[in-house]
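> The whole structure should be built from the sequences, with the hints applied where relevant.
Chains A, B and C supply the protein sequences, listed in that same order. As numbered in our numbering, residues -5 to 464 make up the first sequence, in order. As numbered in our numbering, residues -5 to 464 make up the second sequence, in order. As numbered in our numbering, residues -5 to 464 make up the third sequence, in order.
Mixed in with the good hints there might be a few duds.
[Claimed, not checked] List time: in silico DSSO-like cross-link candidates among lysine-lysine, alpha-carbon distance up to 27 angstroms:
| no. | chain 1 | residue 1 | chain 2 | residue 2 |
| --- | --- | --- | --- | --- |
| 1 | B | -2 | A | 335 |
| 2 | C | 81 | B | 335 |
| 3 | A | 81 | C | 335 |
| 4 | B | -2 | B | 128 |
[Stated by the list, open to error] Here chain C is said to cover these stretches of chain B; the calculated rule only asks that three of the stretch's residues, wherever they fall, bring their Cβ under 8 angstroms from a Cβ of chain C:
| no. | stretch |
| --- | --- |
| 5 | 330 to 339 |
| 6 | 353 to 363 |
| 7 | 369 to 379 |
| 8 | 391 to 403 |
| 9 | 425 to 439 |
These are calculated hints, taken from the structure and not from any lab test. By construction, the Cβ of each residue, glycine as well, lies at the ideal position given by its N, Cα and C atoms.
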Amino acid sequence: MAKKLVLHPDRLFPADPAIRAIARRLYGAVQTLPIISPHGHTDPAWFADNEPFGNATELLLAPDHYLYRMLYSQGVPLASLGVASRKGPSDADPRDAWRLFARNFTLFRGTPSHLWLSHVFSLVFGLDTVLDEKSADHYFDSIGAALRTEPFRPRALFERFNIEVLATTQSPLDPLAQHRKIQASGWNGRVITTYRPDTVVDPEHEQFHDALRQFGELTGQDVHGWRGYLQAHRLRRATFAEAGATATDHGHPTARTADLSEAECERLFARVVAGPVSPEDAELFRAQVLFEMARMSLDDGLVMQIHPGACRNHNRWLFEQYGRDKGADVPRATEYVSALKPLLDRFGNDPRLSIILFTLDETSYSRELAPLAGHYPVLKLGPAWWFHDSPQGLLRFREQTTETAGFYNTVGFNDDTRAFLSIPARHDVARRVDCAFLARLVAEHRLDEDDARAVAEDLAYRLPKAAYRL
Amino acid sequence: MAKKLVLHPDRLFPADPAIRAIARRLYGAVQTLPIISPHGHTDPAWFADNEPFGNATELLLAPDHYLYRMLYSQGVPLASLGVASRKGPSDADPRDAWRLFARNFTLFRGTPSHLWLSHVFSLVFGLDTVLDEKSADHYFDSIGAALRTEPFRPRALFERFNIEVLATTQSPLDPLAQHRKIQASGWNGRVITTYRPDTVVDPEHEQFHDALRQFGELTGQDVHGWRGYLQAHRLRRATFAEAGATATDHGHPTARTADLSEAECERLFARVVAGPVSPEDAELFRAQVLFEMARMSLDDGLVMQIHPGACRNHNRWLFEQYGRDKGADVPRATEYVSALKPLLDRFGNDPRLSIILFTLDETSYSRELAPLAGHYPVLKLGPAWWFHDSPQGLLRFREQTTETAGFYNTVGFNDDTRAFLSIPARHDVARRVDCAFLARLVAEHRLDEDDARAVAEDLAYRLPKAAYRL
Amino acid sequence: MAKKLVLHPDRLFPADPAIRAIARRLYGAVQTLPIISPHGHTDPAWFADNEPFGNATELLLAPDHYLYRMLYSQGVPLASLGVASRKGPSDADPRDAWRLFARNFTLFRGTPSHLWLSHVFSLVFGLDTVLDEKSADHYFDSIGAALRTEPFRPRALFERFNIEVLATTQSPLDPLAQHRKIQASGWNGRVITTYRPDTVVDPEHEQFHDALRQFGELTGQDVHGWRGYLQAHRLRRATFAEAGATATDHGHPTARTADLSEAECERLFARVVAGPVSPEDAELFRAQVLFEMARMSLDDGLVMQIHPGACRNHNRWLFEQYGRDKGADVPRATEYVSALKPLLDRFGNDPRLSIILFTLDETSYSRELAPLAGHYPVLKLGPAWWFHDSPQGLLRFREQTTETAGFYNTVGFNDDTRAFLSIPARHDVARRVDCAFLARLVAEHRLDEDDARAVAEDLAYRLPKAAYRL
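This is the structure:
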């Protein structure tokens, strides 16, 4: 007999009855608040075109590196899961790929992917048995059938998910046609963009020189000179802001910033443009551009997000065969105190600037990030990120930052996902974990319940809206 | 209607009824033990002169960088809080500053400052409504009125707080007049000093050269030569010991120690004295002086405290405007295993020496500090410090050190505070958290309750007294 | 009256009744599963000769650096505990040493040694009072008497402990006579060896040159040339595999690997052989040998274990007086992401290879190790190791690795001990902690109980057997 899929209403709440009762009440106050999703990677074309999604494999498995990295770690070839390689799309049959996934779903026991998918299966698709080898076809068929119906089109799901605002992320080279199409469509879903200039900022990116050339064409600037390069950024940032963007996003290897003289910048940029670039110059250039991005934010008001610390595409063979972003990114120790000093020395006390810091190195939570954010007016802490967007990860974030930075130097939750269907699941997990954390404070008489409810509401709704100037 | 301020008797105890019952019993055994405060920064003049404190802002807000750093992080100017700048005292009206603080008190939700202040408001001043915008004036007036009465003079509070011994911290340049005045006064409160030579040890301190000159004048030694410099330390240490000091305190950027030859020391010191000093020489000099301090402790028996890892005065603008110690210190990754080796190679097994190590980098608890203290007879671990003197911080300290170093290589609690009124609150939080930790061990049958009670008493009273040779 | 020694059946289970009930049920499913001990340091001679053990001090105290390091940290001289020095055996009377230990047993409150010893005293020896000064002689006499009986001979204990396979660790220079004797004896206990080549791999080991010479004599290879050196490894690995080994073990200071050209290897090896070796060459040589060990594993199928991060013999005086492995090893920050890249670039996707990574630096759990093992098919995570083989240490391992790497990129438990009698105690603690962790997931509806039971069984039995190819 098939095993029931049960999404318990008390999931993620502590077992202790006193704490659980408080957590339930707090969660009751935030469960249905609209979703603010200020940082993510969904495809704006979904909302521009509003075409139906394909099948379970295309929608849920093949694009989700959380899923296929785990399967790959246990010897499952990526091609068999429908993941495209540099040679082109996978020729795996989507149903076969789904069966393979289903057969290995036990690997996800204890992981956030298991929680998110159970939420999607149960609440979005109404499935009521667990996913395993036997139910694989039933899942594939049911999901496929649902996706062909109107209520499962992107805009309908957006509305059903109660999303108040959804930010996507685009390169400066993106013409933002999808966002314009959404705006022109008359649909009132708010889908905004974010300025993420990595390809024109990172001289070690394999597309840097091509991207730079396009950057010049798009803006009409001489982007091979330092001033023209900066002006091109200013122009694209303005265009992004007009298209709704309220933030920029910077995914550098480190948090390093630099405050070089104009002459030094020009010489450095000349070396970067001439290529080949040394690792030291590449790092210094990224550092200086981060500084320039802060300076531009003083004028255009875009909130800066700094996401350092990932060693991207660590698996050489996989990168050569499958390309970027295939689940082979690995965090590294990340330093903030020296790295940010040049930027903070200049702009750290400027009320026009707002910087949201993320980390993949949890050791920096209590040691560096909470003390920095608990002092500098320009700094706020982004939520537990990526590998740490998980029940224990979210809890460690609160446990290690709250006592020094408080709740009000944090910015609520980011889902940071391209898995559109998982957005409500991810926000729900974050809300539950925050309520569980707060409930323990209440039960231990460290916070009264009225205050805890106010904090829960702030974390779920008010803080992200304010921090991202939405 | 004003909201009641309630200090729950079970605060900070785990919610589970079985653990809480044990925690209550353990706490009952330590709640009223005298306070041993072997490391702190109160002003000895308070106890020498026994003059009344001023008002709520002057006593509780303006000197407490835990409070104004959080307010500053949310955009509140320091001057508006009564904090003095380099130009002189703040001209903010104390009542206005207090109102501003009260209006923003919600920022402290979930922080130890909230717990400590609630304790002070409720138990020291008998206030029974929470602090908020509406109660701000009532607070200001009530606290001001209390401070003008005899029971709120410093000595009366010292006695009421059941402090058995309170250590302050002085520079070698301090004539110790206040401590002598206390001793001569006939009052039997025990207020001792601690030898903290940073200004004459750190060549990067802006007052180093002035301090060195005064050091020579005070001791009659040629402190611009290495031997005279060391002899000056010996003389001042002896004077401090005569005034009651049992310990020295060293707040270096790193834990580095060095064991140079006499000739190398002389050459290094000549460069340091000549100035300007290179960062490498400054670091090496501090390292060598730490080694010399250990050598002197073999003779005079002063316990060494090493507090590395803070990047001081990180905010450049704030430092320029407001000076040192304004809540802009940020911890950094701190290494102990190599750093301490020169010192330990010479003195690590000497029964005359006792060194208490602190850290702001919690990653070193389980990785370096507990293994070092769990082996070397000269090493003990100071408690969770500064940013980690908080319920979760204290708990992480116990969770990450006990299994390797045990309880008996730790030294109980330090309040490390200049906020005199918060001393009982801080010790109370530490005692509660230790009891909560121990209660969990008992409830999980990892320790029996008799043993847990003995440990609780040791941590609260016996260990600090023994470790500091009081 | 003597205090009862009670080993509570619910020890280490969370106090919350709902979680505890689940933990009990999960533990019931794994409590009596056979012990797989794939990594340890017991003496194969015990099982080859099956001679009775000596007395309590010789068996339990003098060889256990967990015990004497703690006593030493509180000023107890090693010689008084029966620990041999470089000059020869301790002349302490074993009974006196035991009394000294008993008198100080309170130092171990809250440590895993206390848990393990309580298990040994109660369940192995049937003692029913706690160890303290008064019971010291009773313990010494009872244990001594038991050890003289047949049921306490090594093979009888091995069977009573329900050990299915026990791996010991040998140098390549070991003739494996004991393992051959066990195999020839007709006894059906499975005691296998592990290839641990540190002495012929680490040019900084004081025995390196001697060991290298013997390595050549034993294998008939010219081990002072790079090719002969590699061939000697191949031959000894084959011999170890024939004697039952399924794994190699590498205890390097760091995790660094290198992929040098043949010519570079030859030049490097020539420098290493010529000596004295520079620290850089020593490190590079170890890195290259690790790479070669991986390459050999492709052919002979031995599983690699990499245990980096200990600064060995940190206490100089103790090393000079007492030699290696005397409880003075201290962990250091350990980096994996860059260190392993050369090896992973070549072999990271090869299905023939399996590498088990350990760490003493818990900061790498969530930041580096779980992301690496959650992606690379060749990588698995060894359990919480050494200082972290403790209830909180095991729990932190699960909390910080599971969400990214899942359970199935971990390999169950290793006892890693030379304290034979503690093996069941250590596995019991690990099983209880895993069940406690799983029970919490069940109680919080993050995993259903059937799945949790399957995971508990996998962690206790199936995963170590599979990971070590047993």
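> So is the stretch 391 to 403 of chain B in contact with chain C by the C-beta rule, three or more residues under 8 angstroms, or is the coverage claim wrong?
Result for this restraint: holds, n = 10.
> Given the hint that residue -2 of chain B pairs with residue 335 of chain A, does the C-alpha gap stay at or below 27 angstroms?
Not satisfied, since the Cα-Cα distance of roughly 43 angstroms exceeds 27 angstroms.
> Take the C-alpha atoms of residue 81 of chain A and residue 335 of chain C, compute the straight-line distance between them, and say whether it is at most 27 angstroms.
Distance ~25 angstroms between residue 81 of chain A and residue 335 of chain C Cα, so the pair holds.
> Are at least 3 residues of the stretch 353 to 363 of chain B within less than 8 angstroms of chain C when you compare beta carbons?
holds (count 4)
> Against chain C, does the stretch 369 to 379 of chain B show at least 3 residues with beta-carbon separation below 8 angstroms?
This one holds; 4 residues, not fewer than the three required, reach chain C with a Cβ under 8 angstroms.
> Taking 8 angstroms as the Cβ threshold, is the statement that the stretch 425 to 439 of chain B is covered by chain C upheld or broken by the three-residue rule?
holds (count 5)
> Just to be careful, I want the Cα atoms of residue -2 of chain B and residue 128 of chain B compared with a cutoff of 27 angstroms; is the pair within it?
Status holds; Cα separation ~13 angstroms.
> So is the stretch 330 to 339 of chain B in contact with chain C by the C-beta rule, three or more residues under 8 angstroms, or is the coverage claim wrong?
holds (count 5)
> Within a Cα-Cα threshold of 27 angstroms, do residue 81 of chain C and residue 335 of chain B meet the stated pairing?
25 angstroms, holds
The structure does not agree with numbered hint 1 stated previously, though it agrees with all others.
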